[in-house]
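Protein sequences appear in the order of chains U and G.
Using full-length UniProt numbering, you'd call the opening residue of the first sequence number 1 and step up by one each time.
Using full-length UniProt numbering, you'd call the opening residue of the second sequence number 1 and step up by one each time.
Rather than coming from a laboratory, the hints here were simulated on the basis of the structure.
Worth double-checking, as some hints may not be accurate.
To be verified - So the derived list for chain G, only partly shown, Cβ under 8 Å to chain U, looks like this:
1. Glu56
2. Gln69
3. Thr166
4. Ile168
5. Gly178
6. Arg207
7. Thr208
8. Thr209
9. Gly258
10. Asn262
11. Asn311
12. Ile324
Said to hold, decoys possible - Coverage of chain G stretches by chain U, computed from C-beta distances (three or more under 8 Å per stretch; other residues unrestricted):
13. 59-67
14. 210-222
15. 247-257
16. 263-273
Positions of the beta carbon are idealized from the N, C-alpha and C atoms, including for glycine.
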Amino acid sequence: MPELTSRRGLLFGTAAVSAGVLLTGCTSNDSSDEPAANDQPAADDKPGKQVTIGFAGPQADHGWLNAINDNAKNRAKKYKDVTLEITEGSNDTAAQIGQIETLINKKVDVLVVLPADGKALTQVGLQAMRAGIPVINLDRIFNSPQAYRCWIGGDNYGMGLSAGHYIGEKLKDKKNARVIELAGLDNLELTQQRTDGFDAALKNYPNIKKVARQAAEFTVESGQAKMSQLLQAQSKFDALWNHDDDQGVGALRAIKQAGRDDFLMVGGAGALSAFQAIESDDSVLKATVLYPPTMAASAIDLARALGQSKGVGGLAEFEIPASLTLYSAVVDKDNVKQYMSTGFK
Amino acid sequence: MTQPVSPPRDDTPKLSPQAEPGSWRTVAARADVRTLSLLGVLAALILIGGITKPEEFLDTRNLQLVLTQASVIGVVTVGMTFVITSGGIDLSVGAIVALASVWATTVATQEYGFAGVLFTAVLVGVGCGLVNGMLIAYGAMVPFIATLAMLASARGLALQITDGKTQIVSIEGILELGERDSYVLGVPPLVMVFAVVTIIGWLVLNRTTFGRRTVAVGGNAEAARLAGIDVRRQRLYLYLLSGLCCGIAAFLLIVLSGSGQNTNGNLYELDAIAAAIIGGTLLSGGRGTITGSVLGVLIFTTITNIFALNNLQSDVQQIAKGAIIVAAVLVQRRTASTT
Chain U
1 MPELTSRRGL LFGTAAVSAG VLLTGCTSND SSDEPAANDQ PAADDKPGKQ VTIGFAGPQA
61 DHGWLNAIND NAKNRAKKYK DVTLEITEGS NDTAAQIGQI ETLINKKVDV LVVLPADGKA
121 LTQVGLQAMR AGIPVINLDR IFNSPQAYRC WIGGDNYGMG LSAGHYIGEK LKDKKNARVI
181 ELAGLDNLEL TQQRTDGFDA ALKNYPNIKK VARQAAEFTV ESGQAKMSQL LQAQSKFDAL
241 WNHDDDQGVG ALRAIKQAGR DDFLMVGGAG ALSAFQAIES DDSVLKATVL YPPTMAASAI
301 DLARALGQSK GVGGLAEFEI PASLTLYSAV VDKDNVKQYM STGFK
Chain G
1 MTQPVSPPRD DTPKLSPQAE PGSWRTVAAR ADVRTLSLLG VLAALILIGG ITKPEEFLDT
61 RNLQLVLTQA SVIGVVTVGM TFVITSGGID LSVGAIVALA SVWATTVATQ EYGFAGVLFT
121 AVLVGVGCGL VNGMLIAYGA MVPFIATLAM LASARGLALQ ITDGKTQIVS IEGILELGER
181 DSYVLGVPPL VMVFAVVTII GWLVLNRTTF GRRTVAVGGN AEAARLAGID VRRQRLYLYL
241 LSGLCCGIAA FLLIVLSGSG QNTNGNLYEL DAIAAAIIGG TLLSGGRGTI TGSVLGVLIF
301 TTITNIFALN NLQSDVQQIA KGAIIVAAVL VQRRTASTT
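The task is simple: from the sequences and hints, build the whole structure.
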């Protein structure tokens, strides 16, 4: 399988572009993006020294990564003193290294890097730091702390904890409560971290037992397929945690197809469709735990603060922190309005 | 399983034993040993499922579930069987399903309603098949390369159309088609489409000139040409057919998942090829069986189902799946050689 994907990746660039040019006009969906999230600047609003920020991310081949790019762009647009140099995303390690080297040669002031593969891109992070360009490492962490000035990212273990605690509190008065888990792609370490967090949180509630777990592949298709099997396997359960809202679209479809509504579902990540379902409150989906793509906006802010030698407003220190782990908030009917604009498609 | 059976005659166009006319008794007697051993494997799986999870597995709803999950890949496999029988290969099926499903679910397409989505899905499938067919038949490209190129560009285009976003379908008529209310006498509409495609595929391969030409081209293209068959046109039609099946499958997937996504149809090419080969279609061409392919698909879907019902995790599932593929092929070989 990896062989196939890489072969695919290799051909992507050339073939996709040539085929794509013919057809974009009539098919593209429009993407009007409004600025999202808390838009207080990290440093301050006062225009300061001009900062050129280089941004390199992976290919935006799913909704969350797409939202990462949008968040970065929109945040940069907000500041008159920020110029954003954004590269074409790539999942190919060599290509991404090349793009970052180009940004280093252009002598950008600060680099924001979401590596396609954190370990493989450590060297180029080190290279930038040595060249005197501070690096904000976004989400997928480099191997060495010397390769970045500041790391900001989500908390997979924390997602599991938040989901587990939310479900635990809802079911704590129920005898012999049964919980099932629809995990993401098992090949990824983050899936295991999410599951570990979920299990750890559920341990606090001795009346709750996790009776089944199946892994989907973060896609709608796999979500529908795995969920329909889970529903057939478990004729009665009280709560479901689904790791990812994208595959959740498929899971919700399977639930509707099976005509089931006798349990509570919690999602993961924070997709717009999930927020809308939570708000309209007409399905089993009652909450979702965040893995917020707004972290890209924060990264731009941190990069700006770094470029202007400022700290984070409200914190006593004169410098930005070295590491920031974002909290995985629970979004339910009560607070969904606040998060609606951060939802990704 | 050990009735006297005529050995497979790979050199004549009329190969599939199912094609022999006669009462069901003679059909059964002459049925391919491979097909019988596949039925044996399926029966063994059903036994395992029935023993480990009697309540959940031996249940009408579960039968509906397994058949529904088999429909999408099943339709793709029917098209693939034709292509492989002719000595070709189509690596682009998964990508075509992805492209057709996202093109048919853009906001613009959805404005044209049910018919618009169905029409677009099928048309995109046929269009991609046409490109494949032209490149292979008239551009003299090797099928492996031509369809690999299609795989890459169709996936790329699907990504470009969606921007990686999930396109939700909001047309009620389509959504309802995937729900219990539209089951006819307990049969989901998706399964009916699968059944119809299978029957038509079987008839075309076994009962028509087109089918015989396909087998002849796969057995020996040069001989087929000398016998007056327009090999190039035949090849073009075959990839068109595979594209058509992908278009239909894409529509089924839209109904099933209520959405279009560029990740759809991931690795369908491998699943379809594996099902066809396990079913008894020769990878080198010249021999093809729709019955075998469909049984191959059902075996895969049943395995997945049993694993999920028993809550086995992905790692165990993958290991066991590999082992079962090898076992199924070995059983087939053995039964085929001892008769």
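Evaluated hints:
1. Nearest Cβ of chain U to the Cβ of Glu56(G): about 6 Å, under the 8 Å cut. The hint holds.
2. Against a cut-off of 8 Å between C-beta atoms, the interface hint on Gln69(G) holds, since the closest Cβ of chain U lies about 6 Å away.
3. The restraint placing Thr166(G) at the interface with chain U holds, with a minimum CB-CB distance near 6 Å, inside the 8 Å limit.
4. At a threshold of 8 Å, the smallest CB-CB gap from Ile168(G) to chain U is about 6 Å, leaving the interface hint in force.
5. With 8 Å as the threshold, the beta carbon of Gly178(G) comes within range of chain U, its nearest partner Cβ sitting at about 6 Å, so the hint holds.
6. Interface restraint check for Arg207(G): the shortest CB-CB distance to chain U comes to about 34 Å, outside 8 Å, so the restraint is violated.
7. Here the hint on Thr208(G) is broken, as its CB sits about 33 Å from the closest CB of chain U, past 8 Å.
8. Hint status for Thr209(G): violated, given a least beta-carbon distance of 35 Å to chain U, over 8 Å.
9. A least Cβ separation of about 5 Å between Gly258(G) and chain U falls short of the 8 Å threshold, and the interface hint therefore holds.
10. Among the interface hints, the one on Asn262(G) holds; its C-beta lies about 7 Å from the nearest C-beta in chain U, closer than the 8 Å criterion.
11. Taking 8 Å as the C-beta cut-off, the interface hint given for Asn311(G) holds, the closest approach to chain U being about 5 Å.
12. The interface hint given for Ile324(G) is broken, as the beta carbon of that residue sits about 17 Å from the closest beta carbon of chain U, more than 8 Å.
13. Given a C-beta distance limit of less than 8 Å, the hint that chain U covers the segment 59-67 of chain G holds, as 4 residues qualify and 3 suffice.
14. With 0 residues having a beta carbon nearer than 8 Å to a beta carbon of chain U, the segment 210-222 of chain G misses the requirement of three or more and the stated coverage is violated.
15. A count of 3 residues in the segment 247-257 of chain G with a Cβ less than 8 Å from any Cβ of chain U is obtained; the coverage claim is therefore met, three being the minimum.
16. Coverage of the segment 263-273 of chain G by chain U holds [criterion: at least 3 residues with CB-CB distance below 8 Å; count 6].
Checked against the numbered hints above, the structure violates hints 6, 7, 8, 12 and 14; every other hint is satisfied.
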